[in-house]
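> Now that you have both chains on their own, put them together as the hints suggest.
From first to last, the protein sequence lines are chains Y and W. Just so we're aligned: the first sequence equals residues 3 to 226 in this note's numbering. Just so we're aligned: the second sequence equals residues 2 to 225 in this note's numbering.
It is possible that some hints are incorrect.
A partial selection of chain W residues facing chain Y, derived with a Cβ cut-off under 10 Å [unchecked claim]:
| no. | residue |
| --- | --- |
| 1 | E66 |
| 2 | E72 |
| 3 | F96 |
Anything over 10 Å on all C-beta distances counts as not near chain Y; from chain W, calculated [claimed, not checked]:
| no. | residue |
| --- | --- |
| 4 | E134 |
| 5 | A179 |
| 6 | K206 |
| 7 | I218 |
| 8 | S221 |
If you're looking for bench data, these hints aren't it; they were derived computationally from the structure. In this text the structure is predicted, and so the values were computed from the model without any measurement. Even glycine gets a Cβ: it sits at the ideal position worked out from N, Cα and C.
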Amino acid sequence: MAEEVKLFRTWSSPFALRVVWALQLKGIQYETVLEDVAKKSDVLRGYNPVYKKVPVLLHNGRPISESLIILEYVDETWKQHSLLPQDPHARAMARFWAKFGDDKVMQSIWTAFVSEGKEQEAALAEASEHLQKLEEELRGKKFFGGDNIGYLDIALGWLANLVRVFEEISGLRVLDGERFPLLFAWLKEFSDAPVIRDCWPSHDKLITKFIALRQLHGAQSSST
Amino acid sequence: MDGVKLHGVWASPFSTRVIWALKLKGIPFDYVEEDLSNKSASLLRYNPVHKKIPVLVHGGRPVCESMVIVEYLEEAWPQFPLLPSDPHERAVARFWVKFIEDKSLNVWIAGRSAGEEQEKPMRDSSEMLAILEEHGPNKGKKFFGGDSINIVDIAFGGVAYWMRVIEEVSGGKMFDAAKLPRLNAWMANFESSPVIAKNLPDRGKLRDYFVPVRAKILSSSTSK
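Excised from the complex, chain W in its bound form (with noise of 0.2 Å):
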């Protein structure tokens, strides 16, 4: 049977929500973790165009891209399906999974600024929640994928866990709970299910990581 080994790095969204992918369908695979300092020669050939973890290598046949990955995985296992079968259904979870890999960007580049720089990505972060809440999927169930989790909660999950690291370490806020009771909801529904809950990196250490990687981005930054 071919081998799946999952090249990636223990504190990054992206390689987390290919884990959550792998084990809520009970893939097996051997796992890589990487230095980003010291990549090494195998991701560097497996993704040359990007040089970035996540990198899932399936038969010795590399895909990129965590949520390209999570729907690779999606077509070459069945069990414990992350997509609806109804063609327009999955056009929707497709949607919010486009959704929220766009907006999410602002998340990341308020984790990289500071001050007057800071404000309008946050801005846009806090709009997204705001559509989210509003607009996203199976409102009123557990999940964005009804009943179960599905790939638009494996994409949100990537986002809405980090973002409150990014809020600890950066200052500023961009989930307001008071105004958003479904995706407050949401996050607890999310991250006490067992498969999810049993494979989320600790808060404290994913603090730990971003603080130093913050100072070492602004202060290059400044400097120029």
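Same shape as in the complex, but just chain Y (with noise of 0.2 Å):
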């Protein structure tokens, strides 16, 4: 029987890239229903009444939810090229970092990017202390999964392409080679790897996406 595997995703959602690069990596067949997150479809809606957001992973008929734990999904559904480590200890700091980049990273970095002043200056030292952990954890390794890329890779892959555009946009100076050698060569190391290579959504739309973004955020905030 034909295995059916299909992603539910938007075009620039990093969250869904990740499950992109999960499935690539371990070269398995997929179909991808592209959503529009102005007008979701209601399979979508169906697959993930709790969100109603992407990613969601189905297959044969049953649906996953929410990035991270897709990974985990796949990775114990197709067993070739490993993403967590065998060792119970090393696959809980893996997902330790994973947790700690999405709720400490991303928040920080995502804060600065739509904030200014002093609220900015703040989240801006805050991201440099957590990236500055992260760099850390890279000691001795090419990839946070060692010689090859593996989940928490894949789970802080968004710092490849999206601390780019913030920065061109913003012009602020987030994550730089001189204070983070290390993560500034994995980001180089990992955005060039072929299977992550083929996957980034245009720089260019991306840029448009977060200055619209960033506008929008900015005139929320001025207009409480």
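Given below as structure tokens:
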């Protein structure tokens, strides 16, 4: 019986991109269903009734939501090119850092991007602290996963394209080679890896999108 | 054999979750009660990133973040499984753990705020409960894990029991039993089940613990 693997995503979602990378790394055949954020399909809403968001992976008719959870599912279902390490403690550390990436790193960088003045300064300082911890995690390693791209590289992979976009739009210096030499080198290694490189959304389209998002956020917070 | 040590605080829902998992699996462990106003050198060494409890130390290696610890225990000690064996069902269980983790932040915010500031977190907490009531896994069964307690029950248990203490201490209502018959029944099942019942901190003592904690937070936030 042929397996049915479908990925519901948008063109730019960094979370959906995680799943694309995982599927590509494992060489899994799948169909993409492109969703419009402004007008989500009823099908998507049916598969993710709680959040109504992408990504959703559909495998033989059964939906899975939440990108990091999808990564674990993909790793458990298709054993080639393991994403998570075998050792339980190493797995726990990978999960810990992925959570740190989403809860702390992404949060602070986003706040720095959309805010101004003192709030922006504080967010940038916080982001630098968090990035320093990631820098230490990379010591002696080419990738967070060791010699090969793994779960944590994929979880943090959004740094490799979105930080450039934020820096270009805002003029901020977030992740530079002087302060974070290991992270900076990792960004390049990760971005240049064949499977990863082929999947990046258009840089210009991202610039347009995030300029608009930043303006929207600025407009919302100044009208309160 | 490698020893297991848990650094926790008796009043913390997060370290209590880990105790439940340890006890359910019958894993022997040593317990270190931390004083949050005077954190031990060990705690700071084992959790340099967040400096928080709980921290589980196994064979000298630390694991942090309560639900990451529970997943670690699940992988290192297979008895009394806390996750289903089917990958899709595992993904569903993990989805609900993440949902509970993300949405329950509102419960803790409600506990730390008053008046107008408390209204939104209270509403958002009620919304979380409504979604769990309707969509939570294994509807019609005793637990979110079906006939026995699983990782979702552990995650929610850490929220539900403390929610009622927060309601008492801060005023306001998040849990409307009349509107949540399923969750109401779940609470009775969970809190009366043998291992859990023996490892629930006393409600009165929790109340006495949180009253001054809340007062201190509120007075420091208004004196700016």
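> Hint by hint, where does the structure go against what was stated? Just the numbers, ascending.
Hints that this structure does not satisfy do not exist here, as all of them hold.
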